[in-house]
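What follows is each chain in one-letter form.
4 protein chains.
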Amino acid sequence: MDNQNINEKLVSLEGWNYNAEKGMLYKEFVFKGYLKTIGFVNAIAWIANRENHHPDLEVSFNKCLVKLTTHDDGNQLSDKDFNLAKLIQEL
Amino acid sequence: MDNQNINEKLVSLEGWNYNAEKGMLYKEFVFKGYLKTIGFVNAIAWIANRENHHPDLEVSFNKCLVKLTTHDDGNQLSDKDFNLAKLIQEL
Amino acid sequence: MDNQNINEKLVSLEGWNYNAEKGMLYKEFVFKGYLKTIGFVNAIAWIANRENHHPDLEVSFNKCLVKLTTHDDGNQLSDKDFNLAKLIQEL
Amino acid sequence: MDNQNINEKLVSLEGWNYNAEKGMLYKEFVFKGYLKTIGFVNAIAWIANRENHHPDLEVSFNKCLVKLTTHDDGNQLSDKDFNLAKLIQEL
Chain A
0 MDNQNINEKL VSLEGWNYNA EKGMLYKEFV FKGYLKTIGF VNAIAWIANR ENHHPDLEVS
60 FNKCLVKLTT HDDGNQLSDK DFNLAKLIQE L
Chain B
0 MDNQNINEKL VSLEGWNYNA EKGMLYKEFV FKGYLKTIGF VNAIAWIANR ENHHPDLEVS
60 FNKCLVKLTT HDDGNQLSDK DFNLAKLIQE L
Chain C
0 MDNQNINEKL VSLEGWNYNA EKGMLYKEFV FKGYLKTIGF VNAIAWIANR ENHHPDLEVS
60 FNKCLVKLTT HDDGNQLSDK DFNLAKLIQE L
Chain D
0 MDNQNINEKL VSLEGWNYNA EKGMLYKEFV FKGYLKTIGF VNAIAWIANR ENHHPDLEVS
60 FNKCLVKLTT HDDGNQLSDK DFNLAKLIQE L
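The listed protein sequences derive, respectively, from chains A, B, C and D.
Take 0 as the starting number for the first sequence in numbering that gives the first Met the number 0 and just add one per residue.
Take 0 as the starting number for the second sequence in numbering that gives the first Met the number 0 and just add one per residue.
Take 0 as the starting number for the third sequence in numbering that gives the first Met the number 0 and just add one per residue.
Take 0 as the starting number for the fourth sequence in numbering that gives the first Met the number 0 and just add one per residue.
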């Protein structure tokens, strides 16, 4: 996926960022309290399991950093990543 | 919500049933194993928390019975129930 | 497991009840809010998966009814049930 | 907590490591599959919520890196961290 393609897709994903070096799409979500953060992790887990594409998560008390890349493809972005970002965005 | 209205809405909800006596919409979901069942419970919990409408769940090893009614309304069905059923159906 | 044995074991399990007809050990847990109830379900799920013995759960907004029996044994109580009740009690 | 104290406590925590620079206790747990990884996250969440001490987690498909420090104390280790590590170890 070339940079122009990536940038076009990024436009519709509010708050998501692209790290070119790591071939990674990421966004930090902030919550009011720990149990909401954990609830979000579980909501992502359901989608990830269903879509068979699994983000890396960094979870703290009130934040969850979601990191997407396609490992099979040498850590580049693929449609799988943008699809998952869109589904997470809709949560 | 009268019976005709309920029956019309039920048509598009595959596998859901209506118990008139209890004013309850319900469906049993079956899963391959316990962890998938629990994953489903968490997916429902996310939606229920977001929509501020909470189904009753009967959870066993590989099944989850989802029961919807509107308690505030004297255990009758409301649009909230049909909305939640639709969202659960799309999981 | 005979009734005397059951009653002796019940003494140390605060709030648990025995239903002789169903061969079932049960307790209702009450929580402050939905996310705590769901957190409890997940804590039970971890233990149930580890111990390979799975309670039936009735989950509502702020309550979780835990029901234990040994299905393989024709719905009688076994040591597995008392062991799981003790572990849940310690949560 | 001085280094001698930390090293003595570390002995009984199999697989846990200490990063002096970050004042951090950490361990990577590996699981057979995504749903078990997520189950572990939920088990930790129950304990963290109960103990009111919350580890940072890095969650991927089959791994969970647990990182403990005491933020209030300027990112040093405290008894809270060792207590939580012990409880997580017993999961």
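It cannot be assumed that every hint is accurate.
[Said to hold, decoys possible] Listed below are the simulated DSS-like cross-link pairs for lysine-lysine, each with C-alpha atoms no more than 25 Å apart in a straight line:
1. 21/A / 79/D
2. 35/A / 8/D
3. 62/D / 35/B
4. 62/A / 35/C
Because the hints were derived from the structure by calculation, they are not lab data.
Review point. Hint numbers the structure violates, sorted upward?
Key: Those not satisfied are hints 1, 2.
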